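Engineer: Residue strings, one per chain:
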Amino acid sequence: MLTTRREFFRSCGGAGCALAADGLVGGSLLVPRPALAKSAPRAYPARFWKSLPQRAVECELCPRHCQVEDRERGFCGVRENRDGSYYSLVWGQPCAVHVDPIEKKPLFHFLPGSRAFSLATAGCNLECKCCQNWDISQAKPEDVDFQLMPPEEVVRLARDYDACVTFTYSEPIVFLEYCIDTARVARQAGLRSTMVTGGSGEVAPMKEVLALLDAVKVDLKGFTDDYYRRMCKGKLEPVLKTLEVIRKSGTWLELVHLCIPGQNDSEAEIRAMCRWVKEHLGADVPVHFTRFHPEFQMKNVAPTPNATLARCRDIGMAEGLHFVYTGNVPGLAGEDTLCPRCGKTVVARRGFELLAMHIKNRACEFCGAEIPGVWS
Amino acid sequence: MAARKSALSHSRPRVVVVRSAKVLIRGYDADAGVLRAMLHAGLRALSGEAEPVRALAQYVRPNERVGLKVNGLAGRNAATHVELVDAVSDLLTALGVEGRRQVAFDRFTRDLTAAHIVDRAQRGGYRAVGNDDAGHDDELVQMPSSASRLASVLTRQVDGVLNLPVLKQHMLAGMTGALKNNFGCIHNPSKMHVDHCDPYVGEVNAVPAIRDKQRLVVMDALRPVLQNGPSYQPGLAEPANALLLATDPVAIDTVALALLEDLRAKRDLPPLASVGLTPTYLASAARMGLGVADRADIEVIEVEV
Chain C
1 MLTTRREFFR SCGGAGCALA ADGLVGGSLL VPRPALAKSA PRAYPARFWK
51 SLPQRAVECE LCPRHCQVED RERGFCGVRE NRDGSYYSLV WGQPCAVHVD
101 PIEKKPLFHF LPGSRAFSLA TAGCNLECKC CQNWDISQAK PEDVDFQLMP
151 PEEVVRLARD YDACVTFTYS EPIVFLEYCI DTARVARQAG LRSTMVTGGS
201 GEVAPMKEVL ALLDAVKVDL KGFTDDYYRR MCKGKLEPVL KTLEVIRKSG
251 TWLELVHLCI PGQNDSEAEI RAMCRWVKEH LGADVPVHFT RFHPEFQMKN
301 VAPTPNATLA RCRDIGMAEG LHFVYTGNVP GLAGEDTLCP RCGKTVVARR
351 GFELLAMHIK NRACEFCGAE IPGVWS
Chain H
1 MAARKSALSH SRPRVVVVRS AKVLIRGYDA DAGVLRAMLH AGLRALSGEA
51 EPVRALAQYV RPNERVGLKV NGLAGRNAAT HVELVDAVSD LLTALGVEGR
101 RQVAFDRFTR DLTAAHIVDR AQRGGYRAVG NDDAGHDDEL VQMPSSASRL
151 ASVLTRQVDG VLNLPVLKQH MLAGMTGALK NNFGCIHNPS KMHVDHCDPY
201 VGEVNAVPAI RDKQRLVVMD ALRPVLQNGP SYQPGLAEPA NALLLATDPV
251 AIDTVALALL EDLRAKRDLP PLASVGLTPT YLASAARMGL GVADRADIEV
301 IEVEV
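So the protein sequences, as listed, match chains C and H.
The first sequence begins at 1 in the numbering used here and counts up one residue at a time.
The second sequence begins at 1 in the numbering used here and counts up one residue at a time.
Derived from the structure by calculation, the hints contain no laboratory data.
As the structure is a computational prediction, the values presented were derived from the model and not from experiment.
All C-beta atoms, glycine included, are put in the ideal place defined by N, C-alpha and C.
One or more of the hints may lead you astray.
[What the hints assert, rightly or not] Computed from the model, here is a short list of chain C residues facing chain H with C-beta under 10 Å:
id, residue
1, 56
2, 70
3, 72
4, 76
5, 127
6, 139
7, 224
8, 233
9, 296
10, 297
11, 299
[Said to hold, decoys possible] Examples of chain H residues toward chain C, derived with CB under 10 Å:
id, residue
12, 227
13, 230
14, 239
15, 272
Chain C extracted, bound-state conformation (with noise of 0.2 Å):
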């Protein structure tokens, strides 16, 4: 019986994956894989960065814009100096892969009820104390069983289980490499690509993935910068011009913000957010108000309420949000699309499971207004 968390990703990761391979756990299929072993990681060139005196270099994959002695690593952890040369320790060698539904991400404006096949290599850039990944987001390589597979194999068993692909669990900015050579390959084979991200990355290279992207999932896990220093090791502003150039780019954008009590659901910093959204990004980008639960270092923390989450939900439509969503409370009011024209529900669901479906060529059955999302 799997009693923790980090028991259930170690058991993804070996024999009892392969039992479990035709199962859902968690609303997930686990991806029955060859054989794991617990190995050194393989090196593979890193991109955005650029040398600096004395063997260092400058990783310009994301704000921190860490200066890396030789034989050092990051604050990810996962990309290391050798020699005056930058590398990615987790190209194409991922610790998490299942197959979740859409939903689970959560993407709710995008191709409801399909799958996503979903990967995650070692490390982070930020350090939530809430996190629920810390298994693997606060590892190195050398901590976690991984497998060989590359952008191939990855949009091959895509494919396979009928699914897109999603980048999720720990932080792809920190295996940035690996999503664009992967939406890449799986451009070319018409599949579809999404991000789930904490959004603190670099403009220029956001940019290019974005460019190969069809969706991005968004945890906009605060909004003071104290809040960021504080509970993340981050910071706010790089995360609100990530929003922006997302938005911007064209691709799909949805945003969760996991409410943990006392900490980030004070009614005047959702009462910012949600206006700051709406002025920056658009009425239309659909907001999930998320359940916390204890987890990390922030197991001294009850769940949130449900009522939070209604009165944030409540919040966000005041300010004039057209979709407000509250999550990881299945049944909890708060999981449906409502048409913002007539109210009516027209994406019914509970939990990761779509009940019912009343858009039609990206427009409300009942009353005819544009429902912006991807759709098909």
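Place chain H on chain C using the hints.
Structural biologist: Chain H in isolation, oriented as in the chain C frame:
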């Protein structure tokens, strides 16, 4: 508890600085005999015992398993000198701690190999292993600002640790010495380098398994890296011919910082504070009760060999 002296056993923490102009051969490698004599002299001065094995017995008991937390990150030219590791191991053996109960460890086996410590351990009869091979505990240790998994060598394979750091300037932390060397006991040191590693250095050293197992610090300051550390930089490492010993990791780092600044000044390098690299984690560590960061409250004993 006969064997162990805590950091607070002296009214003022004592730091011994042992020097010998003969310790470096052509300015690089250590003369094993001279270094051994320096170690013995330092232990005598630190403990007040006349004989080095009896001196070591104040910190380690013969029936214990002992970890040697070396620093192998920067390769042969800026790692803990293997001659020092050998000399400490020999003393432990003389005390009754057989080689199989001694283990030199750091983050990666490859670094220990590059520093020649794996090879020397095989010949010397002690063990050497990287955390990448030995693993980390599954359990998370919670700290006020972060969380980590501890090296299994530290938590499961040893009763006490002798910390053998290398003195270096560090382009993110300001300097690296005794306290920062313990970043090699956690699985995620890269996450601890923001904000000049402060308060992370202190918090990591306050973890009971690290704080309570550390018995003694013997700092390799034979040839500190003065600039662009912690990697080795040709032309930016300067012979200081010194070994520092203490039980108080904050005090030894405080004395080492002054030594580093002196060396930098002689090379016309600016004070660390003037380039925004004050190791603020020292004061934080002192506030956490890990030791003394006020130079005036530290007893410094200079010894020439």
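Engineer: Need the list of violated hint numbers for this structure, in ascending order.
Structural biologist: Of the numbered hints given earlier, those the structure breaks are 7, 14 and 15, listed in rising order.
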